[in-house]
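If you read the sequences in order, they're chains Z and F.
Per this note's numbering, the first sequence runs over residues 228 to 500.
Per this note's numbering, the second sequence runs over residues 57 to 1054.
FYI, nobody ran anything at the bench for these hints, they're computed from the structure.
Be aware that one or more of the hints could be misleading.
Short, incomplete list of chain Z residues facing chain F, as computed with Cβ under 10 Å [what the hints assert, rightly or not]:
hint : residue
1    : Tyr239
2    : Ala252
3    : Ser265
4    : His291
5    : Arg300
6    : Asn331
7    : Cys354
8    : Asn356
9    : Glu360
10   : His387
11   : Asp397
12   : Thr398
13   : Gly454
14   : Arg466
15   : Ile478
Restricting the straight-line Cα-Cα distance to at most 25 Å, the calculated cross-link-like pairs of lysine-lysine (PhoX-like) are [said to hold, decoys possible]:
hint : chain 1 : residue 1 : chain 2 : residue 2
16   : Z       : Lys423    : F       : Lys1047
17   : Z       : Lys423    : F       : Lys66
18   : F       : Lys80     : Z       : Lys423
Predicted model only: the values in this text are computed from it and were never measured.
By construction, the Cβ of each residue, glycine as well, lies at the ideal position given by its N, Cα and C atoms.
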Amino acid sequence: MTDVRALVLTGYGLNCDHETAHAFALAGARASRVHINSLIDGSVGLKDFQIMVFVGGFSWGDDHGAGVIQAVRMKTHLGDNLLEFVEKGNLVLGICNGFQTLVNLGLLPGFSDDYQQRSVALTFNDCGNFRDEWISLKVNPSSPCAFTRGMNRLELPIRHGEGKFFSDKDTIQRLMGGNQVVVQYTRPDGSPANGKFPFNPNGSVFDVAGICDPSGRVFGLMPHPEGYNHFTNHPNWTRLKERLKREGRRIGTGPTPGILLFKNAVEFIENRS
Amino acid sequence: MAFRLEIALKPDLFDAEGEGIRQKAKDYFGINIEKIRTIHVVTIDADFTAEQLTIIQKELFTNPVTQISSYSPLPVEFDWTVWMGFRPGVKDNPGDTAIEAIEDVLQVRFGPDEAVYTSKRYGMVGKGISSEDANQIASEILANDIIQQWKVFSSADWDSETGIGFIIPKVILNHTPTVTTIPIGSDAELKKVSDERNLALHPNDIPTIRAYFLDKDIQTHRKRVGLLDPTDIELEYISQARSDHCNHNTFRGLFRYRDEETGEETIVDNLFKTCIEVPTLELKKKKPWVISVLWDNAGAGLFDKDHYYVITGETHNSPSNIEAYGGAITGIVGVYRDPLGTGKGSKLVMGGYGYCVGPRDYEGALKPHLSPRRLLDGVIEGVRDGGNKSGIPTTFGQVLFHPGYMGKCLVFVTAVGIMPAEVDGAPAEQKKTSPGDLIIMCGGRVGKDGIHGVTASSEVYSEHTPAGHVQIGDPYTQKKMHDFLLESRDQGLIQFITDNGGGGLSSSIGESARFSNGCEVRLQEVPLKYEGLNQWEIWVSESQERMTVAVNPTHLDRFLALSGQHAVESTVIGRYTDSGKLHITYNDETCAYVDMDLLTSGFPQWEFDAKWLSPKRRCLFEPVLNEPAKYGPLLLDLLARPNIASKEWICRQYDHEVQGTSVIKPLVGENRDVNSDAAVIRPVLDSNKGLAFAQALIPGYSAIDAYHMVACTIDEAVRRLIAVGADFEHIGGVDNFCWPNIQYHADENPDGRQKAAQLVRACWALKDLCLAYEIPLLSGKDSMYVDGYLMGRYGESHKISALETMQFSSIGVVDDVAKCISMDSKIPGDRVYILGVTGDELGGSEYYEHFGYVGLNVPRVDADRFAVLYRALSHAVREELVASAHGVYRGGLGVHLAMVAMGGNRGMRIDLAKVPVTGVDRNDGVLFSESPGRFIVTIAPENEAKFENLFKQLDCSCIGTVTRDSEFIIHGIKGEVLVSVSVKKLKDAWKRPFGDLI
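Sequences and hints are given; from them, build the entire structure.
Written as structure tokens, this is what we have:
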């Protein structure tokens, strides 16, 4: 039916490829899991895709800074192809390790059409450890981000040891001013986390959980939208189900907020053409 | 030429790693450090130009936003610097990825003598830090001398030009590989060689081995290939295969069991056969969902018509006891190779853990190599990195503290995988090697790792001796191999696959060649980490992350091409034959030539005396204990006992939802902080079927009778599954026994016969319960010799034996995950029910342990009666009548009612007079008896009638309500208020011991 095609990277220690491809399929795209080396050796071409996803995982074991080696390998072998892919108006999504890779590639924040400058970083969580927990997020309604249109607040899992968003003040101001900060950590009631653990799970400055480029077509975030691909992924679903049942309602009737994010991407491509 | 790059966070950035060490120094030893900065050191032992070095520095190892770096020592302020790095030959994972990255960015290849080594130095600021303090931090927090070396510099000693100097932990063996022939003139002569070479041949096996090599026919055949007396490699092969680890000689032994009370003697010939194999095969006939058991690396059950799930469990005790992080990461990564090597290969979908360690705050006189706290930290982190970096969710686990585990800790690791029912049109669970198939080794390279396990620890170190006996698992290399092998499987390129674990190639090739009945191995083809390994070392090395695969020669090119694309090393090292011989050559010279059937014939069975003294005969008794008056504080104190208290910090550092399959998480409830009874995942993303998984571990009851320990453990593991909505008719089990030595010795093991009797009784319980609950044992392992010798205060040493322990894992299929339930109370007004009967069974309970008692009346399972109840509850859950269900486990009803209330964050009003009891007439008995077979269930008021109807004639009683307020109130048997405390206070108490840990 649809001809929106999503490329989901695999290999070298990446590990969220299956569920990310599944999430895109649920959202109506044709998703292909493609090994990094298949892109590099040219057996698969970026030109056949409109969405490219850098997924979660531990590329190269994350031994020298999360996402660093993946970024260098992509840049060394595919640098121009990636830039061309972005220039053509396609979408790039980086989740967790993928977000780390995008900032190391310089595809984010992409100020002034410079998609090669490293000016923000994701570094070790202030809490000193890897952490798996569902967190609350607030979506910036003024952001140009193509993935989050129409979204307001959502809950997603974070699962990382290096998710502290960091940059100097000027860069942060510029990101805020340009509405490039797409999602921020909040308390469960939606009020700002203000750096408070565990609501802000890693010590990110300004509670930043995800940013996009000025066009809104390149988006990176630490939380895992593909980790909320089914209503039973939510940590409180059994409670919600019981409550709804007493009201004569059913749980799990529509797509999850996680899948809505992928649907936005698919619709963006569909509407573009 | 060597270059040393130092990298640190910019000075104004928070150093979380340094802060963690600062905190530990304060908590563990009271050392006050003002500030610690972590400096990563990358030592490049290779030639590069200045320009290349700049690229390496800027592109790879320095983040311009957060880091600073320099090829000369960074000017970081300190009073003391501690440097630590690996000993030669220890797996340096970051060093290996650094080589990959440098090769890629510069488009160069490292030569065989070139390498990258990573290490760290810590700059510590603090006026009060003494030299002893700095050394204590180095040796007891940062480094473990088994695998690491360190140096301490004061600011006065520091040369800002040379810094730490150049430390290159390169392995240099300077050895020509040699095959040695072993003389077998007499049993004594062979025994002597066995002792000298750590062959660990069993004395009873020696005559059989000699008889084989002295046989005239055999000798004639051997002479044709240039051999006569056995070679070292041949004896190593026999030793590995005959070891208790591989061959389970204890479980296959002959037990003379005598009940000292009745004088009755029973001969038990082979516990494995009678208590595991026979019952499982019997159940397999009744249960068509049992797909594959008792022969492969893991057992398989039916998930749906297109998929099978597989499960196995392992322990990694001795290595973890010596080097906690390395042992644990090697354990979890290792067990993940078992499903990968099951059938033609299974994808890993979930993992579990169980840790048994000494009390975390132990400050007594005994001196274990690692303090229990440090050991536990290391084990937790090892499984964290192993699981998280493998991309496999760690969904369930338990920790148990007991002084008996100070001699040797237990680290249980469990792996669950899934495979398609068919591969390339053929059944995926079946596999065989055929003559002509190529033997391919995939994954890591071979070094002196894990050779002869821990016996090597007594060897003297030199600067370049590989510290190979303790390993560090490499989940990155294995993840690449996992992805590659599953793709090969799907393309139909794999005939046979198995992992290289204990015994290395010796086991994996030795066992796989039985299918084709022979093999020829060319050892010089095996890729090595460094030169100079003897042939026998290559053959038995346990270097990690390797699989052995049989590939049809027509598929070789495709297999190797795919391997290359996934950046995985695969090497043809021989071929399978039907010669009936295991034939090994090195540079075309034969170094082993033995019959494939040598191991299956003629070796004597091990024998044990087992004498059972009943608990009464051992003078165990019920304590004389009058009823307490202050139940509120008592309950709070029980919740804060280490084995009950919240261990959220462990669950949170394990990725328990990668793969996007999570349905019931390890922590549930309104605040997502109370332990669920079991984990449920949805392993096939486009299906609504689920896999429920749980484990139980209650070794405390072994102090009374290991029969009931096992019975209660299995019952708990079953109830855990039922509580989340699994189907009672489909439960698979995995038994993991960890037992102290059972061989009687008057001086060394005076109670060996009692421990042997406990093992027999435990196996009887295993058989009885599995038959009663119809649980086939899909997999299982045993680890004997859980004993250790610890030094005491006066230079004396003590033998510490663990409690007789069995961990039981249970797994079941859930038809529709949308019907799963969690344990937390849901909505005010819901009715609280208890299912099952509470008996006078405080023996071995947490309550007695709190007062220092053991008691006598150990909980007993009435399986036939319980099974009716479990079926009824399964039915009620399927009908969606149940709002929450939770088993009553360790700590009894009082503790577990509190868990349900804490999960729901709602008050509860309970009337103990309504609890069905037998032989219990006191409130403490009702609240803290650990009778099995019980559940706490909450029900919406409108479902009450339907629910009660399902439980007519069964042990079921409404004992209270979930309330809108936050008060947890229990009325006693006579109606008096026993406990009235807020749920928040319960939670505070429960979280107090470990709540600050992250």
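Status of each hint after checking the structure:
1. Tyr239: holds (7 Å)
2. Ala252: holds (8 Å)
3. Ser265: Nearest chain F Cβ about 7 Å off; hint holds.
4. His291: holds (6 Å)
5. Arg300: With a closest approach of 5 Å, the Arg300/Z hint holds.
6. Asn331: holds (8 Å)
7. Cys354: holds (5 Å)
8. Asn356: Holds, because the Cβ-Cβ distance from Asn356/Z to chain F comes to roughly 5 Å (cut-off 10 Å).
9. Glu360: For Glu360/Z, the interface hint holds, since the closest Cβ of chain F sits about 6 Å away, which is under 10 Å.
10. His387: At 9 Å from the nearest chain F Cβ, His387/Z passes the 10 Å test, so the hint holds.
11. Asp397: violated (12 Å)
12. Thr398: holds (8 Å)
13. Gly454: holds (5 Å)
14. Arg466: This interface hint holds because 6 Å falls under the 10 Å limit.
15. Ile478: Where the cut-off is 10 Å and the nearest Cβ of chain F is about 7 Å from Ile478/Z, the hint holds.
16. Lys423/Z <-> Lys1047/F: Holds, at about 20 Å.
17. Lys423/Z <-> Lys66/F: holds (23 Å)
18. Lys80/F <-> Lys423/Z: Holds, at roughly 23 Å.
Taken one by one, the earlier hints fail for this structure only at number 11.
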